[in-house]
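Below are the chains, spelled out letter by letter.
Number of protein chains: 2
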Amino acid sequence: MLSAGFMANTARPWCLEFRLRLTQPSMNFEILNTDSKTRARRGRLQLSHGTIETPVFMPVGTQATVKGLTPEQLHSLSVQILLCNSYHLMLRPGEATVSKLGGLHGFMGWDRPILTDSGGYQVFSLTKFRKVTDDGVRFQSHLDGTTYDLSPEKAMDLQVALGCDIIMALDDCLPYPSTHETAAQSMRRSMAWAERCRIRFDQLDSHSQSLFGIVQGGIYADLRKESIDRLISIGFPGYAVGGLAVGEPNAMMYDVVEELEPHMPADKPRYLMGVGTPEDLIECVSRGIDMFDCVMPTRHARNGWLFTRDGHIVIKNAQYKEDDRPIDEACRCPVCGKHSRAYLRHLFMAGEILSSVLNTIHNVYFYLDTMQRIRQFIEFRRFDELVAEVRKKELRRS
Amino acid sequence: MLSAGFMANTARPWCLEFRLRLTQPSMNFEILNTDSKTRARRGRLQLSHGTIETPVFMPVGTQATVKGLTPEQLHSLSVQILLCNSYHLMLRPGEATVSKLGGLHGFMGWDRPILTDSGGYQVFSLTKFRKVTDDGVRFQSHLDGTTYDLSPEKAMDLQVALGCDIIMALDDCLPYPSTHETAAQSMRRSMAWAERCRIRFDQLDSHSQSLFGIVQGGIYADLRKESIDRLISIGFPGYAVGGLAVGEPNAMMYDVVEELEPHMPADKPRYLMGVGTPEDLIECVSRGIDMFDCVMPTRHARNGWLFTRDGHIVIKNAQYKEDDRPIDEACRCPVCGKHSRAYLRHLFMAGEILSSVLNTIHNVYFYLDTMQRIRQFIEFRRFDELVAEVRKKELRRS
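Line order of the protein sequences matches chains A and B. Just so we're aligned, residue 1 is where the first sequence starts under the working numbering, counting upward by one. Just so we're aligned, residue 1 is where the second sequence starts under the working numbering, counting upward by one.
It is possible that part of the hints are untrue.
One copy or two, either will do: identical chains are not told apart, so a pair holds if it fits within one copy or between any two.
Claimed, not checked - Here are the simulated DSS-like pairs of lysine-lysine, each with C-alpha atoms no more than 30 Å apart in a straight line:
1. K128 to K393
2. K225 to K100
3. K392 to K154
4. K268 to K100
5. K321 to K393
6. K316 to K154
7. K392 to K131
8. K321 to K154
9. K392 to K316
10. K37 to K100
11. K268 to K37
12. K393 to K316
13. K225 to K392
14. K392 to K37
15. K37 to K131
16. K128 to K154
No lab work stands behind these hints, which were simulated from the structure alone.
Let the sequences and hints guide you as you build the complete structure.
And the structure:
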């Protein structure tokens, strides 16, 4: 595969180019095997800060930290790659500060891969005042009202300053539901922005990073098809699916992915943004997705919502007051190995910081363990059995 | 040394007594060496859950957790013994619940020694409504206003239910300043309570625990002398100094300890409650104290106040925004080994949980490292050099 950097740099002497490519390896993706009865793929993605096994789930480290966990704890949970939010880091402490302190990796003390989003989604979901034009978006910080501009070019400058392995094109974010006309207009704006991102990123010569394009188009199959075709013609080393998990029914999300998948390049990683429940992960892996991120395991943890193989438990419930069992008896995480539901309930009721810490460790472990099972089932070409198992449980609970 | 349990139990058959003493070892304290020019002592205290090296600092785990840290993190910081607050645990989740879940050790997943206080200090400092009589204290919970009674007998029942290695007699807590008359009255009440605690504790036959008496008497040397004499006549395996660090000048606190020390049994551990700064620890070790506890390292950590060998830094200050140095360049803690002041400032400003976690790790490490240095200097019989070093630094800063 040609690297993003290689495609972009025709002006550099070949020897310099060669040296850069050797010292700053760009992305490489290989499919190790595919499942026999589903579209699931078992892959390996080489990035500047390490190699990750796919399908992969990326815990979210919004403000340069997965809330409550040290880098050592993330390591011990076998976290392969984190997602951090450019929007938050642009506001605080600012990308220039992060860049001076060794980029986001050096700043937060995390040596494995990181993906940064473009900031677009946060601008659309967090800010009160914003104005979107074809040029970009002007918004006021949700922290102190300061006015910022975010254009495709600025999104690239920002993410190159942060210096993470994978960076994302700026896209226009669409609410659900939206009409076909609105979705079409928004998607075409996103595609124009994607092209400008590509151009700017190539100018920046950042060989250790890879830029992904984002498919938009709401729930409309024709728009999704137009979007992926446009992105392929621009050319990216990886393709994300954006604009889902924004309120539409789950079945609709699965359908969009299912219809889009045959049009996505088979040899490039596919990333479904902001998804989802453990069941969503399995359903979407079966539809050909390789990468996921979601705040659900970490945010739910802080709210005392804990995942188990038999559904979830809400730890504040009185029934756990003297329950000496672990969260999930089948779980091998350090929290389940040591602490009772009763203790975790006590920490939650007492508003203790350790409540968030331990709950987050468990939920992140649960998600990563789910991904590990997914990878194993694909390796054995029996992923359909895992899908069937999950659907059976879902049915029992509904 | 006779164990508290051995002294107490005359009604039991000797064989049962023997078995209990074998399976549930009570306390043993030995002085390994003393300093040449100060009253500092290097000791070793054997408790049911392990042996601790003294002088020792006990981090505070108020509600069955050192705020933000997992038991594994406490282990890796070489925490030898924790202090937990009976008052908080009585209110939430209740001592009966803790007892059912394996006692405080099992409940919180901590396998090394724990000391519980009696709850007296919290009743006097946290509750809005309370009524003290010779019998005990009636108070309303600071959480929900529920009325509770705490008597010497109840304080023993409570702490025996929690099941920790060292438990404390209930004492009447005196504000500073107080007149000699008030202090005398309060001290004598505390001594009467101490005797009732001793009787009740002996009835409870809890051989794995040791009960310490608490010297009171405010800043008055004659009352302190009367108090320790009374406690010695009741007989305890260890003696605490209470009622200090409540607002009096530091020099006055040092004087009280210095005047009291010759009257305290030399072969028993001495515990100065609620003290203090790193300088206080060194000053009071030089006056013969073996054990300390204080919320300062942990509470200050959460407020962004970080200890260094050259004083403290307030991490929110703008000067640290792009400071890539660790908190303390001489510190070997895991935070200083990995994270910059700039990152720690960012976490603090962003209100991140990890701010509390990392700051707490550093401050607890700093305190325990100070204790380690204290023990080494005593072993070399050169503790006066450490005292001189600290006084020189104090002088430079003032």
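Verification of the supplied hints:
1. Proximity of K128 to K393 under the C-alpha cut-off of 30 Å is found in neither arrangement, the shortest distances being 41 Å within a copy and 51 Å between copies.
2. Proximity of K225 to K100 under the C-alpha cut-off of 30 Å is found in neither arrangement, the shortest distances being 41 Å within a copy and 61 Å between copies.
3. Proximity of K392 and K154 under a CA criterion of 30 Å is satisfied in neither setting, with 47 Å inside one chain copy and 53 Å between copies.
4. With identical chains, the CA atoms of K268 and K100 are never at most 30 Å apart, being 32 Å at best within one copy and 55 Å at best between copies.
5. In this homomeric assembly, K321 and K393 come within 30 Å of each other (Cα to Cα) only inside a single copy, at 27 Å, whereas the closest approach across copies is 50 Å.
6. Taking identical chains as interchangeable, the C-alpha atoms of K316 and K154 lie at most 30 Å apart only when they sit on different chains, with a minimum of 29 Å there against 44 Å within one chain.
7. For a Cα distance limit of 30 Å, the shortest separation of K392 from K131 qualifies neither inside one copy, at 46 Å, nor across copies, at 61 Å.
8. Taking identical chains as interchangeable, the C-alpha atoms of K321 and K154 lie at most 30 Å apart only when they sit on different chains, with a minimum of 23 Å there against 51 Å within one chain.
9. In the homo-oligomer, the alpha carbons of K392 and K316 lie at most 30 Å apart inside one protomer (28 Å), although the nearest pairing across protomers, at 52 Å, exceeds that limit.
10. Taking identical chains as interchangeable, the C-alpha atoms of K37 and K100 are never at most 30 Å apart, the minima being 49 Å within one chain and 50 Å between chains.
11. Proximity of K268 to K37 under the C-alpha cut-off of 30 Å is restricted to the intra-copy arrangement: shortest distance 21 Å within a copy versus 74 Å between copies.
12. Taking the shortest alpha-carbon separations for K393 and K316, only the intra-copy value of 24 Å comes in at or below 30 Å, while the best inter-copy value is 49 Å.
13. Within a single copy, K225 and K392 get their C-alpha atoms no closer than 32 Å, and across copies no closer than 75 Å, so neither meets the 30 Å cut-off.
14. Taking the closest pair of Cα atoms, K392 and K37 come within 30 Å of each other only inside a single copy of the chain (18 Å); across copies the shortest separation is 76 Å, beyond that limit.
15. In this assembly of identical chains, the alpha carbons of K37 and K131 never lie at most 30 Å apart, being 47 Å within a copy and 74 Å across copies at closest.
16. Within a single copy, K128 and K154 get their C-alpha atoms as close as 21 Å, which meets the 30 Å cut-off; across copies the closest is 56 Å, which misses it.
The structure is inconsistent with the numbered hints 1, 2, 3, 4, 7, 10, 13, 15, although it conforms to all the rest.
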